[in-house]
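Student: Below are the chains, spelled out letter by letter.
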Amino acid sequence: MEQQGENRAALTVWDPVRSLCSVAAEQVRYSRGFLRCRPEKWFPGFAMQWLPLMHSLGIELKFCEIKPLIQTPGQAFGFAGTVDGEPLGMVLDEDSVEILLEAVAPAARSKIRRVVLEYLARRLLTSLAISWSGPESSTVQFDTELDVQQIRASGAVKMVLSANGQQAMVWLMLGPVLVDKLDGLWRRQLHATSRQSHEAVDVHLEFAHLTVPPALLATYLKPGTTVDLEVPVSDAVLMVSASRPLMTGRLLRCGDYFAIESSNDPLPVFQWPIGTTRLAVELGQMHWEGTLVREMSQPGAMCDTGIQIGDRVSMTINGEQVAEAVLRTYQGRLVVSVL
Amino acid sequence: MDAKRFRALPAEKRALLAIAVLLDGREAAVYLKNDAVNGVGLHRSALDLATQPPALRMPFVGTMLRMAIEEMERIDPEIRCGVGHGG
Numbered sequence: 001m002e003q004q005g006e007n008r009a010a011l012t013v014w015d016p017v018r019s020l021c022s023v024a025a026e027q028v029r030y031s032r033g034f035l036r037c038r039p040e041k042w043f044p045g046f047a048m049q050w051l052p053l054m055h056s057l058g059i060e061l062k063f064c065e066i067k068p069l070i071q072t073p074g075q076a077f078g079f080a081g082t083v084d085g086e087p088l089g090m091v092l093d094e095d096s097v098e099i100l101l102e103a104v105a106p107a108a109r110s111k112i113r114r115v116v117l118e119y120l121a122r123r124l125l126t127s128l129a130i131s132w133s134g135p136e137s138s139t140v141q142f143d144t145e146l147d148v149q150q151i152r153a154s155g156a157v158k159m160v161l162s163a164n165g166q167q168a169m170v171w172l173m174l175g176p177v178l179v180d181k182l183d184g185l186w187r188r189q190l191h192a193t194s195r196q197s198h199e200a201v202d203v204h205l206e207f208a209h210l211t212v213p214p215a216l217l218a219t220y221l222k223p224g225t226t227v228d229l230e231v232p233v234s235d236a237v238l239m240v241s242a243s244r245p246l247m248t249g250r251l252l253r254c255g256d257y258f259a260i261e262s263s264n265d266p267l268p269v270f271q272w273p274i275g276t277t278r279l280a281v282e283l284g285q286m287h288w289e290g291t292l293v294r295e296m297s298q299p300g301a302m303c304d305t306g307i308q309i310g311d312r313v314s315m316t317i318n319g320e321q322v323a324e325a326v327l328r329t330y331q332g333r334l335v336v337s338v339l
Numbered sequence: 001m002d003a004k005r006f007r008a009l010p011a012e013k014r015a016l017l018a019i020a021v022l023l024d025g026r027e028a029a030v031y032l033k034n035d036a037v038n039g040v041g042l043h044r045s046a047l048d049l050a051t052q053p054p055a056l057r058m059p060f061v062g063t064m065l066r067m068a069i070e071e072m073e074r075i076d077p078e079i080r081c082g083v084g085h086g087g
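Line by line, the protein sequences give chains A and G.
Sequential numbering of the first sequence, starting at 1, is according to the numbering used here.
Sequential numbering of the second sequence, starting at 1, is according to the numbering used here.
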């Protein structure tokens with residue numbers, strides 16, 4: 001509730017630069033497509049390409065994790081190929097090299113180790129090309145004249161596999177065209193397989209809401225009043241549409257603007273005593289097309305809010321702004337000072 | 001067995017082909033076909049080797065692999081612990 005007098009001294013500025021995690025624009029851009037995609041779905045016969053060989057060598061091979069990432073590995077050993085002319089790298093660290101060679105060619109002479117690895121890399125690239133089930137086929141080539149260290153990747157797919165119980169990591173470094181292609185493909189498939197159609201909505205980005213008796217509204221909205229929102233300081237926000245919670249998320253920074261990342265936390269139920277008014281404290285609002293609503297429903301999806309970073313918030317009733325305020329913190333909780 | 005194409009290849013490529021055929025047999029040709037520089041040559045050479053009956057193929061390819069490695073070691077005798085960089 002209201003804080004007065006000496007308590008004002010304990011109020012501190014809510015600094016979004018210090019309070020919020022920063023994300024790169026690329027991370028936001030691909031967070032609803034490429035970074036959410038499940039590449040293994042597009043390569044249904046991939047494991048079958050390896051099963052007979054692994055069986056004949058007596059290797060127990062399991063694919064433990066396949067994860068698309070924007071970050072690419074630094075120093076690594078590897079081989080290069082091209083997909084429709086765009087360079088692609090297949091890289092792995094020294095430990096993973098040892099694990100794979102120990103499984104496939106134990107105690108091999110040093111000269112042969114590299115040749116064995118090269119064949120495994122060629123096999124990997126070809127088996128990916130053969131098992132690709134996407135809409136367009138690509139020309140995939142293994143190219144020994146390309147230097148894997150020179151490949152400028154926009155994204156990567158990290159494959160964690162277990163060979164005879166030991167985990168090795170193989171990274172596929174992808175160029176911008178391939179990342180864009182997978183990004184678009186995932187989004188198209190997401191919309192095509194959506195069970196319900198999503199309509200465009202206006203989304204309000206709320207920090208908290210208070211239930212206020214109408215008689216006290218004027219007091220709450222009086223300039224200079226500080227109101228305790230009774231929620232701990234965090235990056236949690238709620239996306240609200242038509243006075244109903246739409247999804248939970250967290251607030252991030254992307255350059256000079258706020259970005260949000262959707263989460264799979266349970267949605268709160270809006271209930272307030274009869275005769276009280278819901279006074280929401282919101283950062284701003286956005287218009288989302290139906291496609292964006294569907295894409296944002298994937299936990300981890302992000303979008304730029306278009307709201308410039310700052311500490312100003314709106315106090316709203318039924319989506320209408322009734323006051324402007326500054327967001328602050330007090331004893332670990334969020335408070336607003338009405339302007 | 002027509003191994004003329006195979007024998008004409010440099011030692012490293014012969015070693016690669018031999019390993020491929022030992023591991024995958026006839027399938028090796030598929031995995032080598034997409035080489036950007038000599039895909040057709042590697043594909044045909046792998047088929048040349050793989051079309052032989054296994055009883056003939058395995059000892060022959062094994063011998064070819066040993067010869068290729070010895071040649072590679074003669075050309076570049078440095079003993080490396082690691083695997084070096086690709087490309």
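One or more hints might be untrue.
To be verified - Calculated Cβ distances over 12 Å to all of chain G for the following chain A residues:
1. 53
2. 104
3. 108
4. 109
5. 112
6. 114
7. 122
8. 123
9. 129
10. 140
11. 163
12. 190
13. 192
14. 306
What the hints assert, rightly or not - Which bits of chain G does chain A cover? Going by a derived footprint, with three or more residues having C-beta under 8 Å, they are:
15. 8-18
16. 23-30
It is worth saying that the hints were derived from the structure and are not from the lab.
Glycine residues also receive a C-beta, built at the ideal position from the N, C-alpha and C atoms.
Student: Grab the minimum beta-carbon distance between residue 112 of chain A and chain G and tell me whether it stays above 12 Å.
Tutor: It is violated; residue 112 of chain A is separated from chain G by about 6 Å at its closest Cβ, not greater than 12 Å.
Student: Compute the least Cβ-Cβ separation between residue 192 of chain A and chain G, then decide whether it is above 12 Å.
Tutor: At roughly 30 Å from the nearest Cβ of chain G, residue 192 of chain A sits farther out than 12 Å, so the non-interface label holds.
Student: Three residues minimum, CB to CB under 8 Å: does the region 23-30 of chain G make the cut for coverage by chain A? Let me know.
Tutor: Check passed, 3 qualifying residues.
Student: Does residue 109 of chain A really sit off the interface, with its C-beta more than 12 Å from all C-beta atoms of chain G?
Tutor: Since the minimum Cβ distance to chain G is about 6 Å, residue 109 of chain A lies within 12 Å and the statement is violated.
Student: Regarding the assertion that residue 123 of chain A does not contact chain G, is the least Cβ-Cβ distance greater than 12 Å?
Tutor: Given that some Cβ of chain G is not farther than 12 Å from that of residue 123 of chain A, nearest at about 5 Å, it is violated.
Student: Checking C-beta pairs, does the region 8-18 of chain G have three or more residues closer than 8 Å to chain A?
Tutor: holds (count 3)
Student: Taking C-beta pairs only, is residue 114 of chain A more than 12 Å away from all of chain G?
Tutor: violated (5 Å)
Student: Since residue 306 of chain A was said not to touch the interface, does its Cβ keep a gap of more than 12 Å from each Cβ of chain G?
Tutor: holds (43 Å)
Student: Examine each Cβ of chain G, and state whether all of them lie more than 12 Å from the Cβ of residue 129 of chain A.
Tutor: Since the minimum Cβ distance to chain G is about 7 Å, residue 129 of chain A lies within 12 Å and the statement is violated.
Student: For residue 122 of chain A, is the shortest CB-to-CB distance to chain G above 12 Å, so the non-interface label stands?
Tutor: violated (5 Å)
Student: Would the non-interface assignment of residue 104 of chain A survive a Cβ cutoff of 12 Å against chain G?
Tutor: Contrary to the label, residue 104 of chain A does not stay out of reach of chain G, its closest Cβ about 8 Å off (not over 12 Å).
Student: Over 12 Å to the closest beta carbon of chain G is the bar; see if residue 53 of chain A clears it.
Tutor: violated (6 Å)
Taken one by one, the earlier hints fail for this structure at numbers 1, 2, 3, 4, 5, 6, 7, 8, 9, 10, listed in ascending order.
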